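Participant: Protein chains in written order, with the numbering used here: chain A, 1 to 184; chain B, 1 to 99.
Treat each hint with caution, since some may be false.
Stated by the list, open to error - Covered stretches of chain B (chain A as the covering partner; in silico rule of three or more C-beta atoms under 8 angstroms from a C-beta of chain A): (1) 20-34; (2) 74-84.
Stated by the list, open to error - Examples of chain A residues toward chain B, derived with CB under 8 angstroms: (3) Ala52; (4) Pro53; (5) Ala58; (6) Phe128.
As the list claims (entries may be wrong) - If the Cβ cut is set under 8 angstroms, some of the chain B residues that face chain A in the computed set are: (7) Met1; (8) Val12; (9) Met13; (10) Ala15; (11) Met37; (12) Asn39; (13) Leu44; (14) Ala47; (15) Gln53; (16) Gln58; (17) Leu59; (18) Phe62; (19) Val64; (20) Ala69; (21) Ala70.
None of these hints come from the bench; they were simulated from the model. No experiment lies behind these values; they were computed from the predicted model shown. Glycine included, each C-beta is placed from N, C-alpha and C at the ideal position.
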Amino acid sequence: MSLGLIFMYSALALVVVVSGIGLITSRNAIYAALFLVLNFVTVALLYIALGAPFIALAQVTVYAGSIMVLFLFVIMLLGAEQLPIAEPLRGQRVLGILLAVAFLAEMVLFVLLRGAPTVAGQAVSPDFSTPTTIGMLLFERYLLPFEMTAGVLLAATVGAIFMTRQPRPDRKGALPAIPEESKE
Amino acid sequence: MPMSYFIGLSVVMFALGILGVLMRRNPLVVFMSLELMFNSANLLFVAFSAYHQVLDGQLFVFFVMTTAAAEVAVGLALIVAVFKAKRTIDLDQMSSLKG
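Start from the sequences and build out the full structure, keeping to the hints where you can.
Facilitator: If you want it as structure tokens, here you go:
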């Protein structure tokens, strides 16, 4: 493998890991969202390197585009970018780090003992995963899951609208009864 | 690139996501950490799809993405509803089912 390729892959891995660390350590939720966008775009580059251009573009448009816009919109709507930094439950941070380290050790042990494939697969051919082949597969073998996905998205849309709608005043102009503590 | 590169990267991303879920109290950041974990699983799907020359892994990533979009819409609507009722979104304050 050429030196330039190794350099490129190390740089991509470095960006992925550092943006992940930035996501979980930044105080401001806006910065966390922007770190996550950087992470998504870098992973999309890895998808392109793996020969999956359709998934890479879907990642950029769906994840880095619409989902993160939704996140940023809610952050700004709630004004929640700066929560008061209070000490979490006693020992929660230590416990969290311990559990994450235990998970890492588990995974490393699993890969070492089970012997995951360490060699590179053969290079994918250019017409392995064109949007055409993916579309054919999606509308033939995976037609039923595709339709189910449409149902799931519709249900999520209706649910989101239902949960965030304003209580409408009824015909006499009186507000419907709301619980006492939510009136502020 | 050898498969161990993608496996290692995916494991590190998943561990970072676990750390974020366990340590942060802002539910929005917890959601973003969940997305990070989805992303690490997706990376592994695509990597093994290229390794075994089977296209189905990429289809699974497509379905994970759409499901994640639905989940984010419902989750953010829930957070907005909780914020309207309690005027805070601190996770430690969300301790009762009744608003």
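Participant: May I ask you to test the interface hint for Phe62 (chain B) with respect to chain A, counting a Cβ-Cβ separation under 8 angstroms as satisfied?
Facilitator: Since the shortest Cβ distance to chain A is 7 angstroms, the answer is holds.
Participant: Taking the closest Cβ pair, is Pro53 (chain A) under 8 angstroms from chain B?
Facilitator: Check failed: Cβ of Pro53 (chain A) comes no nearer than 10 angstroms to chain B, outside 8 angstroms.
Participant: Do three or more residues of the stretch 20-34 of chain B come closer than 8 angstroms to chain A, measuring C-beta to C-beta?
Facilitator: holds (count 11)
Participant: Should the interface hint for Leu44 (chain B) be scored as holding, given a Cβ-Cβ cut-off of 8 angstroms against chain A?
Facilitator: Violated, about 11 angstroms.
Participant: Go through the hint on Met37 (chain B) and say holds or violated, using the shortest Cβ distance to chain A against 8 angstroms.
Facilitator: Hint violated; Met37 (chain B) Cβ to chain A Cβ min 10 angstroms, cut 8 angstroms.
Participant: For the hint on Asn39 (chain B), just tell me whether its beta-carbon gets within less than 8 angstroms of chain A.
Facilitator: Nearest chain A Cβ about 6 angstroms off; hint holds.
Participant: Regarding the hint that Ala52 (chain A) lies at the interface with chain B, is the smallest CB-CB distance below 8 angstroms?
Facilitator: 5 angstroms, holds
Participant: Was the hint right that Ala69 (chain B) lines chain A, CB cutoff 8 angstroms?
Facilitator: 6 angstroms, holds
Participant: Measuring from the C-beta of Gln58 (chain B) to each C-beta in chain A, is the shortest one below 8 angstroms?
Facilitator: Holds, because the Cβ-Cβ distance from Gln58 (chain B) to chain A comes to roughly 5 angstroms (cut-off 8 angstroms).
Participant: Hey, does the Met1 (chain B) contact hint survive, CB to chain A under 8 angstroms?
Facilitator: It holds, given that the least Cβ distance between Met1 (chain B) and chain A is near 5 angstroms, below 8 angstroms.
Participant: Tell me if the interface restraint on Val12 (chain B) is satisfied: Cβ within less than 8 angstroms of some Cβ in chain A.
Facilitator: 6 angstroms, holds
Participant: Identify whether the interface hint at Gln53 (chain B) stands, where standing means a beta carbon of chain A within less than 8 angstroms of its own.
Facilitator: Holds - the Cβ of Gln53 (chain B) comes within 8 angstroms of chain A, reaching about 7 angstroms at its closest.
Against the hints set out earlier in the document, violations occur for numbers 4, 11, 13, 19.
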